[in-house]
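Let the sequences and hints guide you as you build the complete structure.
Each chain, written out:
Number of protein chains: 2
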Amino acid sequence: MRVAAIQFDPTFGDVRGNLARCLELVSSVEADLCVLPELALSGYLFESRAEAMSLSQEPGDKELDALAGFAGRTGTTIVVGFAERAGESLFNSAVLLAPSGSRAVYRKIHLFSGEKEIFEPGDRPPAVVEVAGVRLGMMVCFDWIFPETARTLALGGADIICHPANLVLAYCQDAMVTRCIENRIFAVTANRVGREDRAGQSLRFTGMSEIVAPNGRILARADAEGEAVLVEEIDVAAARDKAVTPANDVLGDRRPHLYRLDE
Amino acid sequence: MRVAAIQFDPTFGDVRGNLARCLELVSSVEADLCVLPELALSGYLFESRAEAMSLSQEPGDKELDALAGFAGRTGTTIVVGFAERAGESLFNSAVLLAPSGSRAVYRKIHLFSGEKEIFEPGDRPPAVVEVAGVRLGMMVCFDWIFPETARTLALGGADIICHPANLVLAYCQDAMVTRCIENRIFAVTANRVGREDRAGQSLRFTGMSEIVAPNGRILARADAEGEAVLVEEIDVAAARDKAVTPANDVLGDRRPHLYRLDE
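Protein chains in written order, with this note's numbering: chain S, 17 to 279; chain E, 17 to 279.
Don't read these hints as lab results, they were simulated from the structure. Some hints here could point you the wrong way.
No distinction is drawn between identical chains; accordingly, a pair holds when it is met within one copy or between any pair of copies.
List time: in silico EDC-like cross-link candidates among lysine to aspartate or glutamate, alpha-carbon distance up to 20 angstroms [said to hold, decoys possible]: (1) 132 / 265; (2) 132 / 241; (3) 258 / 278; (4) 132 / 212.
So this is what it looks like as structure tokens:
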């Protein structure tokens with residue numbers, strides 16, 4: 017199958033313009049899976065929770081119909097980050113738009129820095145969704161630093177981690193290599209670029225979106241600046257062979273009764 | 017405090033010679049902690065379990081007295097890998113020789129490749145030992161690929177991961193950077209060098225022993241070949257500050273009730 021990581025610079029507050037840009041970008045590539053950045057519709061640095069709420073969507077909103085329609089017409093599964101409104105609640109979420117029309121949502125469980133003042137943390141385990149026989153896991157940005165996130169997805173059977181991001185620290189892109197090796201899984205990290213100067217802060221996003229294989233090989237990595245559409249042909253079977261040596265299976269060799277992870 | 021990673025090429029089967037070399041090497045450096053490689057007393061590629069048994073020690077054996085005596089005289093804590101005999105059982109273990117005379121043992125819980133035919137897997141959780149107010153965790157070689165090992169040590173309060181190794185794959189040295197970042201912990205990986213051609217196999221060990229800081233900085237890294245004694249002055253307090261941002265704590269921000277790690 018063909019997977020794509022799409023890196024661009026969303027314009028803060030311009031949901032309509034960002035949606036149109038997302039549609040242009042996914043239309044520019046032939047792929048079975050396109051991953052777009054975190055909060056790609058709204059931008060990142062909200063002045064307040066009320067502002068974020070005003071730029072939020074429900075997963076079923078008509079605003080997402082154009083992207084969902086593209087998925088249905090072309091057979092391309094799209095994963096994109098957005099501010100999710102759920103009644104009075106607000107989550108930093110990713111939605112998976114499947115060709116079938118189904119829309120699956122993952123709510124970021126580890127909020128980064130000032131996000132804690134805007135969003136509620138996700139309230140459900142990281143999700144795995146099967147599309148056309150491929151098992152897609154979702155996590156969002158800072159979830160990467162907690163190995164439990166990717167591990168939960170791998171143990172749940174995910175073949176590919178779909179990873180929308182708005183990264184500002186320098187660590188993640190190299191750490192995702194470790195995440196792939198330790199779980200023998202693919203990862204598609206779609207990071208944004210550009211900067212935001214708002215809400216008394218100035219952030220530069222680090223780009224370097226990437227597609228990494230289960231053996232840790234970086235199949236493609238974008239530059240730190242500028243838009244990019246990375247596409248790779250991958251064989252999902254590689255993620256179902258958990259053998260790192262003929263005698264070692266990275267999941268089967270675990271010793272859960274000797275781990276002390278709940279302290 | 018001063019920590020050291022010692023990289024050398026043990027001679028297969030020459031326990032007395034290897035012990036003498038270990039003593040020379042730890043004597044060549046002034047450090048509060050010296051970590052030596054996995055199976056540093058026996059060598060690695062055993063023809064059989066019986067051969068390994070013949071090259072094994074009990075933790076209290078007089079053979080270890082010279083190293084333990086050095087620890088007592090100089091205040092240097094020594095961690096060294098050895099084949100541990102326990103009645104009829106055989107473990108791939110590390111022993112921590114404290115200046116007080118105490119000897120703490122960790123039995124490798126994730127055996128690599130052909131080790132499964134020689135050793136029993138460890139039967140106890142990864143250990144944390146406090147010496148002079150510093151909390152030392154032990155893991156051995158291939159334990160690195162399972163994030164649960166380092167996580168168990170970090171949650172158990174370890175400041176420093178003491179990591180004897182006989183690495184042959186190419187991944188670990190970079191992956192330890194991720195282990196340090198995700199746990200905000202120090203790691204001292206003491207890998208061996210050289211090659212063994214025995215038991216129908218040929219292995220080259222990858223060296224590149226290293227000392228890594230809680231922010232992922234590689235404080236020192238040895239070459240892929242040749243003996244090396246790396247020494248770094250570290251401030252253990254850095255491992256007790258788990259904040260990766262003012263609002264994010266890599267242990268406190270975990271969401272254990274949302275992880276699914278026991279499948």
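Results for each hint:
no.	hint	verdict
1	132 / 265	between (37 angstroms within a copy, 13 angstroms between copies)
2	132 / 241	neither (27 angstroms within a copy, 47 angstroms between copies)
3	258 / 278	between (25 angstroms within a copy, 17 angstroms between copies)
4	132 / 212	within (18 angstroms within a copy, 53 angstroms between copies)
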